[in-house]
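Q: If you want the building blocks of each chain, they are given just below.
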Amino acid sequence: MSDTAVPRPSSAVSRPVSEALLNEKWDRCLSNMLIKSTLGLGFGVVFSVLLFKRRAWPAFVGVGFGAGRAYEECNFSLRQASRDLKRTPA
Amino acid sequence: MSTRGGPAAARGMNARFAQFKLVLLGESAVGKSSIVLRFVKDQFDSYRESTIGAAFLTQTISLDENTTVKFEIWDTAGQERYKSLAPMYYRNANCAVVVYDITQAASLDKAKSWVKELQRQANENIIIALAGNKLDLVTEQPDKRAVPAADAEAYANEAGLLFFETSAKTAENVRELFTAIAKKLPLDQVGPRHSRPGQRAGGFLDVPMLRSSLRSVRAVGNAPIASAVSRQWQPAITSTVRLAGRRFYADEKRIDDSKLPKSETSTSVASELPSLKTESLVESKDVPLTPPKPEAIASSAATGAELPTPPPTPIKKKKGFFRRLRNLILTMMILGTVTFGGGVAYSRISDNFHDFFTEYVPFGEQAVLYFEELDLKKRYPRSLPGSSSRSKDTGAEVKIGPQSGASWRVADSSEPSSRTSSAVGKTSSKKEPKSKAESKPVSEAPSAKTSSPVEKVVASSKETKPAGSYKAPEVDEPSRFPPASPIDPLTVNDAEDPVVQDLVKMLNDIITVVNADNADDRYSSTIGKAKNELNKIGSKIRALKTQAEEEAASQVASRVNEFDSAANELVSRVEKALIAQESAWREEFEAEIKRLHETYNSRIQTEMEREKLVNEQKLTNKLLEQAVQLKREFQSEIKKSVEAERQGRLGRLDQLSGAIKELEQLTTGWNDVVDMNLKTQQLHVAVEAVRASLEDTEHPRPFVRELVALRSIASDDDVVNAAIASINPTAYQRGISNPSQLIDRFRRVASEVRKASLLPEDAGVASHASSWVLSKVMFKKQGLAAGDDVESILTRTQTYLEEGDLDSAAREMNGLQGWAKTLSKDWLGEVRKVLEVQQALDVISTEARLQSLKVEQ
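Going down the list, the sequences are from chains A and B.
According to the working numbering, the first sequence is numbered sequentially starting from 1402.
According to the working numbering, the second sequence is numbered sequentially starting from 4.
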């Protein structure tokens, strides 16, 4: 039996260390925010170009929509996690 | 219509309506149909199919306000094959248009012939128009014209025709043509169309006039007057009478139209028509357009009445029938005789026809024969009587003919005067013997050449009988010599030979003939010679015969001798051969017997040898069996002795092993003590090894090998086993971290936990963010801080850890709640594993110590 190699990676892959749980969630939220707001910005820009005579506000609105959506998702995931925490110890 | 009532009649005075039958004639492809089409429908068709039979069209034109003319146009087919139909169409026609093609001279000739035909066959007062069609072609290319207009016009004037050069294509002169015809027609006589009289040109009576006349006719009620009233002939009158009381419509007159021509042609009345017509024509000129007064009609009727009424037809018919019958019979007879005569005459010329005629026509043969005979008679008048009888029965004719011509007798009888007596004598004497010689032997048929045998026999019998008793005086010819004594018939004694016999017979015949002829003296010498010769011949023949016999006898004798010798030789040869063969056979037989003996002997020998071999084999087999049996017996004896020996020795061995066991039991007591000592020693060493491996590692390392060693050493110790089982498998598989590592990790965990220390329950993004921010500015605590909040718990744990009290540190951390607990869960687990391992090792070491104490006791 090899002493180190086999068990370690499996545990690392399958489950993050408990102290990193929160950080991981934050990472996810931030990346989500970035992607969503970029998408929103893109749509906003396209709309501003196509429909709104290159005004700035459609872009901002797009970003706002993206960021808002990301925020809401992040919020939901955190609440879900805390709810899970409450349930598992009980 | 003008036929209606009073006012209508008044109108009818002015409005005239005429209907005419018009026929188009001419060569094919001159444009008759095109002209009609142009006239009727005002159309032109460049590629028109040729008309088949005829086409019928009508067209009405108005000449002036009051006069309308309706043309019933019969467009006939121009092709030659329809020529025979043309009379059907131009009969009863009032007008005809003869069309020719001005680009084809031949068509004008044809047109001329049509005109001629029309003038001869059709109505006398038919109006004929000559139309030269295809004017358009000529106007385009003047050199295409083949018929000069002047020529045609000259002809037209000469023949009294209307002449136009038309073009159906451009419609030039077409209408003019028809208008001119209409104008030329006897419009004066035009009446209502229903009153049109049969085949005549348009009826000339005006309706009122006709009606009034008819009424008068009806009033009178007899036919002669009716006929007198109109110039028409009877059937027409009857029809008009029938029609008079009715209203007249345009279509009704057709019925009459169709009927009338028939009656005209078939009956004798038709012959009277011309006179009627001429009169009427003359009259019609005088007739004004307005209807004439009844008196005028009456006068005209009076003239008409003069005409003889047609004789009653039925009587004529009867007469005609008989006459016709007679005529028929007469003509048939004449025809028959003429045909028969012709046949006879022709059969004289043609052989084939002769055969046919004589065979199939009754009395034909007789007639022909008769005429042939006549002819023959004419040619050979001499043979008249004979031939006439001959001609009747042909069968007899054949027999008589040759006889009369060829035989001497007939020649004698038929031509007595023309021959000289000497010649007769000669011929008769010459021929007599011949015929006699022939007649006697029936077998001598080949010599009979000219006449049939029957007749010859008859003739000869006739002749010979008188010859036998006959003497010269009766015959005409004078015999010079008195009849001498007849020559004796020859008798040859040795005439056995058939040749000689024949000769004798012949000679006898000759002699008899000579005798009969009384020419004995003349021939006696020669016959005597002949007799001598004959005798000589007979003797010679006899001599020859005897000689031949002798020769034959000698020959036979010699042959017999030869045969005998040959036979003897043959017999002797055969005997020799037989003897030789017999000896050969005997030798063969002996040899065969010898051979058989030899083979038999050899077979017996082989047989005996085989027997011997078999016997030997059997003997050896028996020997072998005996040997095997002996061997078995020997083996069984040995076995028995060996077993007896073994049982004795085994008993001794058991005793020995029991002694050994006792010795072993004695030694084991000491072994156990030694083993126990060793085990405790080893246990100590193993535990120490595990401890060492745990302590000196920088980072966690599995200690499975050490544990396995420990377990193998203390396999039978329950305490050790239980202790090892209490350790979490992950601990010894992955290894456990040492205290410094645990502290290190605690620091990381603590910072994370601190970030989430201020979180409420059910925290969202905002609370997390605020907790993270606020945790930075929290007051730090020191030592064993009292309190239940996260921060104080963390500081307490840290102090315990620094003191090395893992157990209390874990207990503190376990008191955390919510996110803080979740975040520190892994660290807690780790600490617990370490604690478990430490505990187990402690238990094992105490156990080892206990064991060593046991051994020392």
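Read the hints as simulated data drawn from the structure, not as lab findings.
Treat the hints with caution; some may be incorrect.
Stated by the list, open to error - Below, a list of computed lysine-lysine pairs in the DSS-like style, where the Cα atoms sit at most 25 Å apart:
(1) B:824 to A:1426
(2) A:1487 to B:824
(3) A:1487 to B:828
(4) B:186 to B:172
(5) B:508 to B:532
(6) B:857 to B:828
(7) B:857 to B:836
(8) B:115 to B:147
(9) A:1426 to B:828
(10) B:186 to B:115
(11) B:172 to A:1426
(12) B:643 to B:615
(13) B:172 to B:119
(14) B:73 to B:44
Q: The structure should be examined with respect to each hint, and the outcome stated for every one.
A: Here is how each hint holds up against the structure:
| no. | hint | result |
| --- | --- | --- |
| 1 | B:824 to A:1426 | holds, 17 Å |
| 2 | A:1487 to B:824 | holds, 11 Å |
| 3 | A:1487 to B:828 | holds, 14 Å |
| 4 | B:186 to B:172 | holds, 24 Å |
| 5 | B:508 to B:532 | holds, 16 Å |
| 6 | B:857 to B:828 | violated, 44 Å |
| 7 | B:857 to B:836 | violated, 32 Å |
| 8 | B:115 to B:147 | holds, 21 Å |
| 9 | A:1426 to B:828 | holds, 17 Å |
| 10 | B:186 to B:115 | holds, 23 Å |
| 11 | B:172 to A:1426 | violated, 108 Å |
| 12 | B:643 to B:615 | violated, 44 Å |
| 13 | B:172 to B:119 | violated, 28 Å |
| 14 | B:73 to B:44 | holds, 14 Å |
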